[in-house]
Amino acid sequence: MRFLSEKLPGVAVLGIPLLWISVFMLLPYAIIATYSFWTKQYPTFSPDFQFGNYLTLFTDPQYSKVLIRTLKVSLLVSLFSFLLGYPFAYFLAFRCKSQALRTWLYMAVIAPLWVSYLLRAYVWKTILGTEGVLNSFLMSIGILSEPSDMFLYNQFAMVVTLTYIFIPFMVMPIYTALEKIPRNLVEASADLGLRPIPTFLRITLPLSIPGVAAGFTMTFCLTFGDFVAPFLVGGPDGNLVANVIVTQFGTALNWPMGSALSILVLVIVLTVLSLSGRVERHYSPKEV
Amino acid sequence: MKIRMIASYTMALSVAAAPALAEGTLNVLTWEGYADSSFLDQFVEESGCEVNATYVGSNDDFAPKLMGGGGVYDLITPSIDTTALMIDLDLVEPLDPSMIEGWDGIYPKFLALDGIQRDGEYYGMPYSWGAIAFMYLDKAFDEPPTSLDALWSEENSGKISLWDDKSSIYVAARRNGDMNIYNLSDEQIAAARESLIEQKPLVRKYWSTAGELVDLYKAGEVIISNTWAGYQSSLLAAEGIEVTEFIPEEGAEGWMDSWMVVKNTPNRECAYKFLNMQLSEQGQCGVANVNGYSAANAEAARSCMTDEQFEALHQDDPEYLDSLLIWAPLGDRFEAYLNAWNSVKAQ
Chain A
1 MRFLSEKLPG
11 VAVLGIPLLW
21 ISVFMLLPYA
31 IIATYSFWTK
41 QYPTFSPDFQ
51 FGNYLTLFTD
61 PQYSKVLIRT
71 LKVSLLVSLF
81 SFLLGYPFAY
91 FLAFRCKSQA
101 LRTWLYMAVI
111 APLWVSYLLR
121 AYVWKTILGT
131 EGVLNSFLMS
141 IGILSEPSDM
151 FLYNQFAMVV
161 TLTYIFIPFM
171 VMPIYTALEK
181 IPRNLVEASA
191 DLGLRPIPTF
201 LRITLPLSIP
211 GVAAGFTMTF
221 CLTFGDFVAP
231 FLVGGPDGNL
241 VANVIVTQFG
251 TALNWPMGSA
261 LSILVLVIVL
271 TVLSLSGRVE
281 RHYSPKEV
Chain B
1001 MKIRMIASYT
1011 MALSVAAAPA
1021 LAEGTLNVLT
1031 WEGYADSSFL
1041 DQFVEESGCE
1051 VNATYVGSND
1061 DFAPKLMGGG
1071 GVYDLITPSI
1081 DTTALMIDLD
1091 LVEPLDPSMI
1101 EGWDGIYPKF
1111 LALDGIQRDG
1121 EYYGMPYSWG
1131 AIAFMYLDKA
1141 FDEPPTSLDA
1151 LWSEENSGKI
1161 SLWDDKSSIY
1171 VAARRNGDMN
1181 IYNLSDEQIA
1191 AARESLIEQK
1201 PLVRKYWSTA
1211 GELVDLYKAG
1221 EVIISNTWAG
1231 YQSSLLAAEG
1241 IEVTEFIPEE
1251 GAEGWMDSWM
1261 VVKNTPNREC
1271 AYKFLNMQLS
1281 EQGQCGVANV
1291 NGYSAANAEA
1301 ARSCMTDEQF
1311 EALHQDDPEY
1321 LDSLLIWAPL
1331 GDRFEAYLNA
1341 WNSVKAQ
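Chains as they are written, first to last, in this note's numbering: chain A, 1 to 288; chain B, 1001 to 1347.
Check each hint, because a few of them may be wrong.
[As the list claims (entries may be wrong)] Simulated pairs of lysine to any residue, SDA-like, Cα-Cα distance not exceeding 20 angstroms: (1) A/K125 <-> B/A1210; (2) B/K1200 <-> A/Q62; (3) B/K1218 <-> A/K40; (4) B/K1263 <-> A/T44; (5) A/K40 <-> B/L1089; (6) A/K40 <-> B/P1329; (7) B/K1139 <-> B/G1240; (8) A/K125 <-> B/K1273; (9) A/K72 <-> A/L84; (10) B/K1218 <-> A/Y122; (11) B/K1218 <-> A/F151; (12) B/K1263 <-> B/E1093; (13) A/K125 <-> B/I1100; (14) A/K7 <-> A/L19; (15) B/K1273 <-> B/L1089; (16) B/K1218 <-> A/P147.
Think of the hints as simulated: they come from the structure by calculation, not from any bench.
With the hints as constraints, model all of the structure from the sequences given.
Okay, structure coming up:
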């Protein structure tokens, strides 16, 4: 009895999360993995153990095309989020002298996260459309003589929309990493005669790499699994891997194929996670 | 005070929840408009059966939603290319036509379709029908298009839209001269796929929902597309955008939706009351007025439609109905069609 009352808190503390992870994470993955070896058979699919679905993934060019396109779009979104997000985070952490302004600017980046993703993606439709805000603006200042249809329903529109939507996930970790850099390191570098730019390249940037890696990972993985942007602002060549998975589970009623594709996506995402984990560890300040 | 407030909230909740739990609540999984309050309210009042409608965006939603299990739905309305799948999946039960008034008024052509029958029993009650017509923006064409070639024409580049559905294979096959669109060989499917890949650079967007197509026309993105005849064009007309539907020289597909009763529904009595209402003038003219679709019960349509509407919906035009290639179940060939369409989208 006494043994139980002593052990109970420990069991609860460890047991509940373990149970949670098993039931809501590991078990679903196991089910998906099992399905991926089944066979499509009209009207549905039947239990089996064969690698045909995986084989199709690697031999039918439609899957590699979509995977490569998804990789490309994800990398572009991460890259643009970095190019826009880093200077902003740097300004917030080092240059912005007013605490109030800093709070406001930081909130301005975070606030859109409270607005529905769908709504924000829709807004981009009205901005980029043929009769949209961007076209009207470019025509009013005389850059365009007639509306252009090159802004919407293509991969450009998807990258713009996804960059806008996921950029907070780049700014937040970079800002956190920059904040943690002791200011005296930068001052010491200046005292020893390094000019601001070399100081940035040799002190600030390397120390902020863990934040950049975290931001890259998050924006990349979020984009990799997105299926709404292709649907709303993507064009005929906008299908991403998540759309194909949706089709396999829905329209095609081919859960085995959808599962195999999901497992492949999982492997890619886990690879990215472990790579970025290594980068983070490599650049993290060493304990002396 | 606080306790009283909580108590009254709880009471309000339980009152609100009561009808949903009571026997006689029909859960229908259907298309928008098929359970419209304009004709449903009267039914609820008269029959005492509550109705909760959930809407699908595609015929492909029925199977996954029902296979999810749980016995949530009582009635569904798949189209004639999906009804056989419902029977094959053992998701629906046979109907008793003798319990449905107006059954004899249904077009014989629909009652003869294989998709709603199995082993001498009916599983689907024909409800409404129409064409997958084509549609163009009036002001964009001096000369009205008459052929599918308009959807492959450089002149309309960047202003073309096509339904994101296996139906695109049917369209491309017809343009290639293959009229056996529901029995295409692998070579014919491959040829259709090639045509669609050739067309792809001209396409602005593949549309997936009715609302999306309406938005594309409204925003000036698209001037020609296929459409669910009667539906999107009337939504556009309401917005003051003038479009014209047409059946191209290469013909058009026709569809027909049927009500099916989900296997082992606990609400069979209400389900049959509902079927009777839907096949009566109330339901038949209800859907014709809301969605602009033609009615399956010719007799009901004649007595509740005006002459103009009767004519506009081709209710008395057997030739029109015969000219449509009514959707047929593809069975195990479905995968070949869908795979071809998916690979077009992957390009």
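Practice task
Output the numbers, in ascending order, of every earlier hint that fails for this structure.
Solution key: Those not satisfied are hints 3, 8, 13 and 15.
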